[in-house]
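Engineer: Start from the sequences and build out the full structure, keeping to the hints where you can.
Protein chains in written order, with this note's numbering: chain A, 1 to 94; chain B, 1001 to 1165; chain C, 2001 to 2163.
Hint data in this document are derived by calculation from the structure and do not stem from the laboratory. The model shown is predicted, which means the values in this text are computed figures rather than measured ones. For glycine and all other residues, C-beta sits at the position ideal for the given N, C-alpha and C. Hints are supplied without guarantee of correctness; some may be wrong.
Heads up, incomplete: computed chain B residues facing chain A, CB under 10 Å, no partners named [as the list claims (entries may be wrong)]:
1. 1046
2. 1121
3. 1123
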Amino acid sequence: MNLEDDLRRALQREAAPPDFAARVLARTRPRRAFLFAVAAAVTVAALVPPGIYQYRQRQKATEARDQLVLALSITQVQLLHIQQQIQHHTRHAQ
Amino acid sequence: MKLTWILIAAALPALAQQPGFDFKSLDKLAANAKETTNINLEGDALKAAAGLMGDAFRNLTSVNVHSYEFAKTGQYNEQDLAPVRTFLKSLNWTKIVDVKESDETSEIYLQALPDGKIAGLAVLVAEPKEVTVVFLQGALDPRDLKKLGGLGIPNIELDHGGKKD
Amino acid sequence: MRLDFNRILADNQSLVFSLALRFLRDRAGAEELAQDVFLQLYQRLGRIESPAHATSWLRRAICHRCIDEARKRRFRPRVALEAVPEPSTEPVNPDPLLHDRLRRLIGELPDSARMVVLLRYQEDLDPTDIAGLLNMPISTVKSHLHRSLTVLRGRMQKQEICR
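Structural biologist: Here it is as structure tokens:
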């Protein structure tokens, strides 16, 4: 099984519904657009980043952890590969 | 088939005094690679990362992973990895696994402590189109590697000379 | 010069809708988010420089909206997968069950990993582009890809054994 090829085939784009474009265009009428823009502006204004320093520290640690996991993941995969090679050789030697 | 060199070395804190492997000696591999992965973690960043993963890796002091993927075979040769083997030999690491197939070589080196922990772990796997070198420094219990299972990483048994732990 | 919104809509509606659908596994929710994103673009159309810029903007917007939506949904009951009708435009393939299984398994991945997989294999973006789009380090992107493939491979094999 070539997983990556299967993934590409499985994830080929799904077409939008036939009336999707029409519904979007219907929503672009000026009155709705204005209300939407106001709602978006209010939401943005209400955002206050709490504990920004702690957040950044946590973010850095998370990024470093992801790097560590990748390094250890590569390690694990290769050790498993070697183990399979050993088992293969052992079976053939018997 | 992919060609992957992986060198993983975990050394005791006492051995941290020894000079680390100079990855610049692998620059020739990078020059021909179509894609590279370079991970270097130590100090506070590594402590913070290991801290998020529980106790298993708290003793790691340095992690280096360098991976080189090539577009086709023949873009590197055995000599390019001689610095790694020379380095290990100079520190008297023990080779516990040595598997050779037609186009692939796999080696595992250990530097063990009297209490059973591993001071250093080095793994070299050579496949036709990929080279990866990983160094882990810091006391590491091979059973801790299994704790990675919860992160979707397969569990493995670390074999000593082909025999199970 | 203001771009042709109708043309942008026609050219990108499948990209946007499909990403949302594959990520959320919820057709109605995907339509809603996709519409929202196009409306946002419509309001910013004067600042969009080219069709390529529009595509890039839409892709980024739908990714972030999907991830936000997934976070909100953790506090709400999810739509059962059985309630999602199978798409009627399923491409012909030798193993429709395989692709369906893969899509379901992808739906079980953590949010960030799932989005990375979709951007890689639906949109064919390379890790550098994915990192830029999701504001994520490249190593994190590669980590997500590596781990996700390992998990998917393992679960597919497990399902094969159990069949």
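Engineer: Hints first: check each against the structure and report whether it holds.
Structural biologist: Now the hints, each set against the structure:
{"no.": "1", "hint": "1046", "result": "holds (7 Å)"}
{"no.": "2", "hint": "1121", "result": "holds (8 Å)"}
{"no.": "3", "hint": "1123", "result": "holds (6 Å)"}
When held up to the earlier numbered hints, the structure conflicts with none and fits them all.
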